[in-house]
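Number of protein chains: 2
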Amino acid sequence: MSATSSAEPSASTVDAIKEKARRLSILSMMATTAAGSGHPTSCMSAAELMAGIFFHAMKFDVKDPNSNDSDRFVLSKGHAAPVLYAALAEAGVFPISRLMTLREFSSELEGHPTPLIHGVDAATGSLGQGLSVGAGLAIGARLDKSPTRVYVLLGDGEMAEGQIWEAAEFAGHYKLDNLTVIADVNALGQSEPTMYQHDMETYRRKFESEGFATEVIDGHDVSAVLAALDRAKATKGRPQAIVARTVKGHGVSFCAGKEKWHGKAFSKDELATALKEIGGAPVVVPPDPGTSYVRKSIPKPPDFPALAAPEYEVGKPVATREAYGFALKRLGAVNPHVVAISGDVKNSTFSDMFGNAYPDHFFQGYIAEQNLVSAAVGLAARGKVPFADTFACFLSRAYDNVRMAAISRSNINLCGSHCGVSIGEDGPSQMALEDLAMFRAIHGSAVFYPSDAISTERLTETMARRAGINYLRTSRPKTAILYTKDEKFPVPGFKVPRQSAQDKVTVIGAGITVHEALKAADELKSKGTAIRVIDLYCVKPIDGKALAEQIAATGGKLVTVEDHWPEGGVGEAVLGALAQAGVSPSKYRMLAVRDMPHSGKPDELVDAFGISARHIAAAVREIA
Amino acid sequence: MSATSSAEPSASTVDAIKEKARRLSILSMMATTAAGSGHPTSCMSAAELMAGIFFHAMKFDVKDPNSNDSDRFVLSKGHAAPVLYAALAEAGVFPISRLMTLREFSSELEGHPTPLIHGVDAATGSLGQGLSVGAGLAIGARLDKSPTRVYVLLGDGEMAEGQIWEAAEFAGHYKLDNLTVIADVNALGQSEPTMYQHDMETYRRKFESEGFATEVIDGHDVSAVLAALDRAKATKGRPQAIVARTVKGHGVSFCAGKEKWHGKAFSKDELATALKEIGGAPVVVPPDPGTSYVRKSIPKPPDFPALAAPEYEVGKPVATREAYGFALKRLGAVNPHVVAISGDVKNSTFSDMFGNAYPDHFFQGYIAEQNLVSAAVGLAARGKVPFADTFACFLSRAYDNVRMAAISRSNINLCGSHCGVSIGEDGPSQMALEDLAMFRAIHGSAVFYPSDAISTERLTETMARRAGINYLRTSRPKTAILYTKDEKFPVPGFKVPRQSAQDKVTVIGAGITVHEALKAADELKSKGTAIRVIDLYCVKPIDGKALAEQIAATGGKLVTVEDHWPEGGVGEAVLGALAQAGVSPSKYRMLAVRDMPHSGKPDELVDAFGISARHIAAAVREIA
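Top line first, the protein sequences correspond to chains A and B. For what it's worth, the numbering used here labels the leading residue of the first sequence as 26, then goes sequentially. For what it's worth, the numbering used here labels the leading residue of the second sequence as 26, then goes sequentially.
In case anyone wonders, no lab produced these hints; they're calculated from the structure.
Identical copies look the same in the list; a pair holds intra-copy or inter-copy alike.
Lysine to aspartate or glutamate pairs mimicking EDC-like chemistry, simulated, CA-CA at most 20 angstroms apart:
(1) Lys283 - Asp377
(2) Lys258 - Glu233
(3) Lys321 - Glu129
(4) Lys285 - Glu347
(5) Lys612 - Glu574
(6) Lys325 - Asp620
(7) Lys170 - Asp385
(8) Lys200 - Asp224
(9) Lys289 - Glu347
(10) Lys626 - Glu129
(11) Lys289 - Asp377
(12) Lys503 - Asp377
Only chain A is shown next, with the shape it has when bound in the complex (with noise of 0.2 angstroms):
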């Protein structure tokens, strides 16, 4: 697996290497035939490429190929998963048997790859996603100060994604020199021939334009491919691209360069045509034992030492987007896995803060959504703890992304800002109102929306431990404390900031509807009408039979109340949980904000949309 470069790779080399290609060719058509389904002629066209990468530029560990000291491989055009696990297997990181197991039910070898498979960092296959794993992956390796380089195998169907220039810019700007990028043009997309198809001179000023040391090469050309690779490996001070001229479905002349071949597995017949026109050393493919390779243990965030107990002054209102700053700089003071990355917005979400104390550790994303959570995936396989921010609102550009972020099993921390009508003037398309439905559904997600400092920065700290993806949603204005320094956060939970014995209904909100409801509270209780306010800073999970015993005490009786949407929010939660414990509330009120909303003053705006206290006093009059 180790490169022995020279000037030019010796033939032998390059004969052993085109042995390979053959190899992986071969075991791709196989495996996807015996499949019945996959993309083999994807797999073709980067079989020298695969080749090359693998058996002559990378060096890593094949009994631990994700670890820190490995170089790292992204298939970004992830559906050309078989010519990967070919790749693999062929490396000894699990036997070649395996491969006949692709894509059945019980196997780790999914149609796309996931982490799940040894040497694979992150899920791929929704395109364009990849080189900003690999720049995280690449920095992650600067920051650890390792010599391991980053290897992304692109498609040219993908490079029409914008996010792949995000990330090339990214890349070109951090001057990321352990990444090599190299490009699978094969000029046929799924339904058609690409934009560009063989239009090389494109591809390389696109990649010059974004500052890397870019060269043209054809694919399948053994010699070329390994001679790129040796002269990628020597750039310093840039990024490297090999833009590669290939032949979709190349070797085989039935479907070399054919349209309609995308995503075709081969029947058996065909499968036997091609192998006779291929030639040489027939594959031995052993029967499958039924051993699964499944990578155990995907590694949690790091433990850290606790934090001390937040400090704020009493009386004196914080936002909690603000308290996050603080939070996140006292985090990288005893953790020092942290990294933030942010979308232009430091200023606005306070990961300022930590940028100044840190800024080797903190990273300006730009206004590029999708790489900034994408890049983060990449420093989280890399063991480190991300916090990338930006607007909520701005999240939902990144949505993709955060869905292959629970496919790869990744542990990454997103902060959003600004939510809701209480923004106030800037308007709707600042205002975030469909994040907590968002977050939510994201497979093993938690989602925060704290309503006070002290409560934000608790949860910031639990975000570092917590695996998985981590959503905390932060809110523009200044809010009271509510909690005192020493009190607990436990996930799932919820506070009851106000309660009593003569509790006649429950009202449940987050962020500043808390607030509302307590000065609903307030109002209510002077006209002799007690209420009980929950506090819901953990949207998911939710213990439901707990928030059963509490609207049991106000016999059902129930009101929620979000700056968010009235769907897949607070109120659709608490109803689920409610349902999922076996139970209902006798009398319902759902407050969410229902109108399109506008620009006005932040109190103005919660009121106009259905929020404030004077809407909670009603609705609990209309059911109390």
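Position chain B against the provided structure of chain A, taking the given hints into account.
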């Protein structure tokens, strides 16, 4: 407003435009100071550009600037809204007094532009989307054989967004020579200088590499601005890019080119200092009488003749994704406004049927979902009826674009295929499991999830008639025809394909789980238990009262079952709708996909992940 262009703009023209620019700058400052918030320095860098665009280049009907014959303008850098409003006011679209109501609660002049303002086609404010909108407008104009031109003003911070380059590639590929992009390169982002600052050549290369006729100018040299706009207008065969070197906060020395001025309105004193420095005749703004100039009617999709009933062979299963293809093609025969764009998956989503029949109305979006959706918004603004398609999971790549489309009050139709675990071997990267939550949490959306080909065709037709964001979720597997050709599918609505007077439990499914529920119904019936099966083909909106009547018939015993995560989908939608009708299930089981799926055969996965007939029957037995 019309341009009288000659080789060089006359001195009097230049002077007039300079004066307009001065006024636009001043009005932007005055408006934001009055509002107490906003982005004056972002407006000041664009003043000469906006003056040239609005008062030299564009021809539009002041009384109806959104008319199809008017040139169109998209402010992609939406936070510069005040300078757009100032230009519209100076042009006479509404009185300049209105500018002093900027960001007020009752004003149509919001913090970021929306189509509630005459002359605005799409809401902006989430950066990087405007060029796609412009491309859609330009394509619409070309389809109409209209001479109108489209102008898009970009900021430089937003050129970090990959979507800008998706759009540029798309515009270059389709040779949209009626599209002129003007880039306001002021070198300063929100939190720090942009990546490229004033490296104008990099921007030039980027646009040139996408096939734009590109030039670099001094954005404050009015002569140069006007000459560049003239040359752009005269260019045939390629879109044009005018990359303007500008200064953020130009014209006022305390902020010109200085950091930390992003998003800061001037105080009254600062404004006075600025006005003094700029000099010239005072800009007199009368008090505003309070008359709103909100655009009252945003056009609905145009009417068209009813389609004949869909015809399907009884007993022959058809995938709903294929039925969409048939429906779109039949729609194209009677509705000349329909335009389809696909994200390189037309052969999987079956929009290729429409594409082959109406090639002039079909556009290849390639693998670039953000551009796919925002271009559809541009098309809709010109009265087209866009249908954009990709795999449902990849629509998550465009969630921010869908969010902005709702703020744009846009009439777009999105089809997402290959939903859920039922796609099989491709695995989770290709499985949409969050899209019902996503699309439900979009203001004014309709979410359709048909279970058979007949309902798919009917709902596709309904989408073409319905204003707002319409989402159609289609499935990969072939499924039985459940309905007869003359059945109707109202919105809201549901079907009850199985019921009796002895029903013990109501089972609500959608898409493939309707078929699973029917299988379960057969099995339970054979053992003496009758269940009611509801097909919730319309997941949003839901008539909670009508649904409540159904579950009342089974004593409140309810099972919901969906090929989707538990959060935000069918189950929570039903609970929410019932709760708002004052009703709860007496006993409830929510079946959904709870674990991270993997590859496997469709039937294996549907069963392994808890949503098959077997699980439905077991849940029924638990609560019957």
